[in-house]
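A.B. asks: Numbering (numbering that gives the first Met the number 0), first residue to last: 0 to 85.
What the hints contain is simulated information worked out from the structure, not anything from laboratory work.
Note that the coordinates shown come from a computational prediction; the quantities given were computed from them, not determined experimentally.
Heads up, some of the hints might be wrong.
To be verified - In silico SDA-like pairs for lysine to any residue, Cα to Cα no more than 25 Å straight-line: (1) Lys8 to Leu51; (2) Lys20 to Ser33; (3) Lys24 to Asn12; (4) Lys8 to Gly50; (5) Lys56 to Thr71; (6) Lys24 to Leu34; (7) Lys84 to Asn74; (8) Lys67 to Val55.
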Amino acid sequence: MIVLAVQEKSRTNIYVDVNMKNQAKEIFNQYGLSLSQAVNIFLTQSVLNRGLPFDVKIPNDETLQAMKDVETGENYEDVTLEDLKK
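With these hints in hand, go ahead and build the complete structure from the sequences.
C.D. replies: As structure tokens, then:
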């Protein structure tokens with residue numbers, strides 16, 4: 000005989016960016032998941048990992064400066080494939 004545990008559910012309201020939510024729903028739909036199911040997977044993995052279920056990396060100062068330089072077009076030079084072969 001199989002006994003299934005009844006899990007108590009709680010309704011939670013969160014505020015998210017509308018565009019982000021819609022994009023995420025499209026991705027989850029490809030896996031046959033609802034937004035609620037995907038959030039429950041995230042929460043379950045967070046508990047199992049005792050933290051976020053993915054790495055969160057904060058760029059160091061050098062990386063932040065390089066990112067800023069790319070955005071502003073500063074401190075870089077054009078390099079061709081031929082230059083790299085030298």
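A.B. asks: Against each hint, give a clear statement of whether it holds in the structure.
C.D. replies: Going down the list of hints, with the structure as the test:
{"no.": "1", "hint": "Lys8 to Leu51", "verdict": "holds (22 Å)"}
{"no.": "2", "hint": "Lys20 to Ser33", "verdict": "holds (11 Å)"}
{"no.": "3", "hint": "Lys24 to Asn12", "verdict": "holds (16 Å)"}
{"no.": "4", "hint": "Lys8 to Gly50", "verdict": "holds (22 Å)"}
{"no.": "5", "hint": "Lys56 to Thr71", "verdict": "holds (23 Å)"}
{"no.": "6", "hint": "Lys24 to Leu34", "verdict": "holds (6 Å)"}
{"no.": "7", "hint": "Lys84 to Asn74", "verdict": "holds (22 Å)"}
{"no.": "8", "hint": "Lys67 to Val55", "verdict": "holds (20 Å)"}
Of the numbered hints listed earlier, not one is contradicted by the structure.
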